[in-house]
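Top line first, the protein sequences correspond to chains A and B. Just so we're aligned, residue 1 is where the first sequence starts under the UniProt record's numbering, counting upward by one. Just so we're aligned, residue 1 is where the second sequence starts under the UniProt record's numbering, counting upward by one.
Check before you lean on any hint, since a few could be wrong.
All copies of an identical chain are treated as equivalent in the list; a pair is satisfied when it fits inside any one copy or across any two copies.
DSS-like cross-link-like pairs, simulated, lysine-lysine; straight-line CA separation at most 27 Å [what the hints assert, rightly or not]:
1) 239 with 363
2) 34 with 264
3) 85 with 60
4) 363 with 2
5) 330 with 60
6) 303 with 85
7) 206 with 37
8) 333 with 34
9) 85 with 37
10) 303 with 34
11) 330 with 303
12) 60 with 303
13) 60 with 2
These are computed hints drawn from the structure, not numbers from a lab. These numbers come from a predicted model, not from an experiment.
2 protein chains.
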Amino acid sequence: MKSVIRVEVPPQSYDIAIAPGSLDDIGVWMSRLKLGKKVLLVSNPAIFRRYGERAIGALKLVGYQVSHCTLPAGERYKTLKSIQKIHDAALQNRLERSSTMVALGGGVIGDMTGFAAATWLRGINVVQVPTSLLAMVDAAIGGKTGVNHPQGKNLIGAFHQPRFVLIDPHVLQTLPPRELRAGMAEVIKYGVIWDAELFAKLESTKRLDQRRYLDEELLSFILSCSCQAKADVVSQDEKEAGLRAILNYGHTIGHAVESLTGYKVVNHGEAVAIGMVAAGQIAVELQMWTSPEAERQKALIEKAGLPTQLPPGLDIDAIIDTLQTDKKVKDGKVRFILPTQIGEVTITDQVPADVIRQVLSDKL
Amino acid sequence: MKSVIRVEVPPQSYDIAIAPGSLDDIGVWMSRLKLGKKVLLVSNPAIFRRYGERAIGALKLVGYQVSHCTLPAGERYKTLKSIQKIHDAALQNRLERSSTMVALGGGVIGDMTGFAAATWLRGINVVQVPTSLLAMVDAAIGGKTGVNHPQGKNLIGAFHQPRFVLIDPHVLQTLPPRELRAGMAEVIKYGVIWDAELFAKLESTKRLDQRRYLDEELLSFILSCSCQAKADVVSQDEKEAGLRAILNYGHTIGHAVESLTGYKVVNHGEAVAIGMVAAGQIAVELQMWTSPEAERQKALIEKAGLPTQLPPGLDIDAIIDTLQTDKKVKDGKVRFILPTQIGEVTITDQVPADVIRQVLSDKL
Numbered sequence: 001m002k003s004v005i006r007v008e009v010p011p012q013s014y015d016i017a018i019a020p021g022s023l024d025d026i027g028v029w030m031s032r033l034k035l036g037k038k039v040l041l042v043s044n045p046a047i048f049r050r051y052g053e054r055a056i057g058a059l060k061l062v063g064y065q066v067s068h069c070t071l072p073a074g075e076r077y078k079t080l081k082s083i084q085k086i087h088d089a090a091l092q093n094r095l096e097r098s099s100t101m102v103a104l105g106g107g108v109i110g111d112m113t114g115f116a117a118a119t120w121l122r123g124i125n126v127v128q129v130p131t132s133l134l135a136m137v138d139a140a141i142g143g144k145t146g147v148n149h150p151q152g153k154n155l156i157g158a159f160h161q162p163r164f165v166l167i168d169p170h171v172l173q174t175l176p177p178r179e180l181r182a183g184m185a186e187v188i189k190y191g192v193i194w195d196a197e198l199f200a201k202l203e204s205t206k207r208l209d210q211r212r213y214l215d216e217e218l219l220s221f222i223l224s225c226s227c228q229a230k231a232d233v234v235s236q237d238e239k240e241a242g243l244r245a246i247l248n249y250g251h252t253i254g255h256a257v258e259s260l261t262g263y264k265v266v267n268h269g270e271a272v273a274i275g276m277v278a279a280g281q282i283a284v285e286l287q288m289w290t291s292p293e294a295e296r297q298k299a300l301i302e303k304a305g306l307p308t309q310l311p312p313g314l315d316i317d318a319i320i321d322t323l324q325t326d327k328k329v330k331d332g333k334v335r336f337i338l339p340t341q342i343g344e345v346t347i348t349d350q351v352p353a354d355v356i357r358q359v360l361s362d363k364l
Numbered sequence: 001m002k003s004v005i006r007v008e009v010p011p012q013s014y015d016i017a018i019a020p021g022s023l024d025d026i027g028v029w030m031s032r033l034k035l036g037k038k039v040l041l042v043s044n045p046a047i048f049r050r051y052g053e054r055a056i057g058a059l060k061l062v063g064y065q066v067s068h069c070t071l072p073a074g075e076r077y078k079t080l081k082s083i084q085k086i087h088d089a090a091l092q093n094r095l096e097r098s099s100t101m102v103a104l105g106g107g108v109i110g111d112m113t114g115f116a117a118a119t120w121l122r123g124i125n126v127v128q129v130p131t132s133l134l135a136m137v138d139a140a141i142g143g144k145t146g147v148n149h150p151q152g153k154n155l156i157g158a159f160h161q162p163r164f165v166l167i168d169p170h171v172l173q174t175l176p177p178r179e180l181r182a183g184m185a186e187v188i189k190y191g192v193i194w195d196a197e198l199f200a201k202l203e204s205t206k207r208l209d210q211r212r213y214l215d216e217e218l219l220s221f222i223l224s225c226s227c228q229a230k231a232d233v234v235s236q237d238e239k240e241a242g243l244r245a246i247l248n249y250g251h252t253i254g255h256a257v258e259s260l261t262g263y264k265v266v267n268h269g270e271a272v273a274i275g276m277v278a279a280g281q282i283a284v285e286l287q288m289w290t291s292p293e294a295e296r297q298k299a300l301i302e303k304a305g306l307p308t309q310l311p312p313g314l315d316i317d318a319i320i321d322t323l324q325t326d327k328k329v330k331d332g333k334v335r336f337i338l339p340t341q342i343g344e345v346t347i348t349d350q351v352p353a354d355v356i357r358q359v360l361s362d363k364l
């Protein structure tokens, strides 16, 4: 089953193609875009070993001149230093304004390649080929690119939309289970913020914690619904003037947890899972959401094998302080996305600090 | 005499205000824009000593919370490392998405502050307050921001339009004469590529090489014509899909000369002056431009006290090789902007390497 989803961001809208086995057709898909001849493929060593040659072969087949560079895997390498390495490769291979960087990898590779493309020659093409569930349903779509500042995640970055996103679900067969679960956190997020039908489907599935429990059809459904949700939101609000902020559901506290544990204890999806439980509980405390629905969310998160509690030893004052450095802060007020019912959320900066503190202390 | 020029770049068009003494009114000018309360003023130590407190005072007067950071002056500090320093100041002062960076300085400060703003929280506001003639008529307008790569000028960057450009011609009184002449190179450029009336006015002026020979009225005329030319071109082609490339007149060879001499021997304006003479000579060789008009250009450049010959000892093969790494290269072909008559240029990638070589060897 093949599906194509459009992201409407004039002047340069683009497609997300979800097609099993499509990695071997990447050249054909890209050739429709009439890009320049030069391609720089960016990946990490493990992904490159597994899929690099296939992708390069498929690109060369249609006439691209392909060079590549690999960067170490992991959030802690998502730095300006890595961007410089991509830039060095771009220079060495004499990339031009019409050239394209292809990001083959997870969210970290996608974010960095996107940012390197955004800032090379003041912006060249980027094509996203996500290989993790997290990147497929989230990072690869929507043009948010960037790296971490030593004191905060994604503080350095730019909006730079890809020219195309190619999703080959087959590559998920080799994704480590913990990575699959991390992606499932974002899938659940779309269920809570946008798509009650997706939420119900996930609830009716027996297990969500490993790839082998997800049949081909369910996986396609999950990918399509999630990408469609993201595309809908981004198409309505590309630069996060309003609506798009709802995609940060679970991310406000999630980012603080990731940052304070040095990106080592929990991964991004796990942090978002914890953040969603916290946001859900805050919404309940503020009487914006019913306790039974919050419980349903928590149960779904648990079924996906994701954490629902703060990692031990985390200082709650430190979390609250870290929230102040979040990109979402406006006039010193932290912005929260809170559920009002399954499939709907609201944006508010009116969450009292003591409610945050109480939820983090007692309810998590 | 006060003039306001509009740069039409939807969705966020902006004004260039040219107004003597306006540095003391910067807060009032900015308050019309309804920006967030926080401002980070970025400057270099010398400019900050001279104008920093006045600017900060004028900003505080209308209620802004102002912090500042200074970076060493000079093209060789235009690096990612300097950008990190601005980012650190942004973090320390908890700048938000609605906050503004104000660039108070020459082209280097403007380019870096613009790029730091483009990449902080995926893009915050920037206001340009250029203090050199070069920055006033060129760098501050049009949204080109960036830093140098060790192997090439401005290879790292982004398009990020300012929200406002404030030009106070009074600050030119303290500009070193060599800097004034550098700016005059860009003014002459506008005469050649866009505005024959400006060219004629410059020709009819006795001396152009020092501030004291330019009366208030002539200076206003020069600034208005130059900013209008730049605004016209940028409004028609913001992202350099076509027309905007004409602003690179003199820059193709100019950049190579700057780069090969390590940004130490000639400054940007001097390099552009040399590049314009070279481009003019290439146009004459290709029978696209008349020799008398090329001579008029050369005479004007000389009158402005600018160089018309390559610095001694420069290797011509190295220049030709460096041209290949220029951002303007497309499919391996170097793009030149060549005059066809005073006030008009054309864009071509059909300049044979041997013509470039011959002009650089014999005619320069």
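>> For residue 330 and residue 303, with the copy left unspecified, which applies at a CA distance of at most 27 Å: within, between, both, or neither?
In response: For residue 330 and residue 303, the Cα distance exceeds 27 Å both inside one copy (35 Å) and across copies (53 Å).
>> Please sort residue 34 with residue 264 into within, between, both or neither, judging by C-alpha distance up to 27 Å.
In response: Classified as neither; 41 Å inside a copy, 41 Å across copies.
> Between the shortest in-copy and the shortest cross-copy C-alpha distance, which are at most 27 Å for residue 330 and residue 60: within, between, both, or neither?
Replying inline: between (47 Å within a copy, 20 Å between copies)
> Should residue 60 paired with residue 2 be assigned to within, between, both, or neither, using CA atoms and 27 Å as the limit?
Replying inline: For residue 60 and residue 2, only the intra-copy Cα distance (24 Å) is at most 27 Å; the inter-copy one is 58 Å.
> Which holds for residue 303 with residue 85 at a C-alpha limit of 27 Å: within a copy, between copies, both or neither?
Replying inline: neither (40 Å within a copy, 45 Å between copies)
> Under a CA distance limit of 27 Å, which applies to residue 303 and residue 34: within one copy, between copies, both, or neither?
Replying inline: neither (44 Å within a copy, 47 Å between copies)
>> Checking an output row: residue 85 and residue 37, CA cutoff 27 Å. Within, between, both or neither?
In response: within (21 Å within a copy, 37 Å between copies)
> Using 27 Å as the alpha-carbon threshold, which applies to residue 85 and residue 60: within, between, both, or neither?
Replying inline: within (23 Å within a copy, 41 Å between copies)
>> Cα distance capped at 27 Å. Does residue 239 pair with residue 363 within a copy, between copies, both, or neither?
In response: Classified as neither; 34 Å inside a copy, 51 Å across copies.
> Should residue 206 paired with residue 37 be assigned to within, between, both, or neither, using CA atoms and 27 Å as the limit?
Replying inline: neither (47 Å within a copy, 51 Å between copies)
> Which holds for residue 363 with residue 2 at a C-alpha limit of 27 Å: within a copy, between copies, both or neither?
Replying inline: neither (43 Å within a copy, 62 Å between copies)
> 27 Å Cα cut-off: does residue 333 pair with residue 34 within a copy, between copies, both or neither?
Replying inline: between (45 Å within a copy, 18 Å between copies)
Figure legend: structure checked against the earlier numbered hints; hints not met, in rising order: 1, 2, 4, 6, 7, 10, 11, 12.
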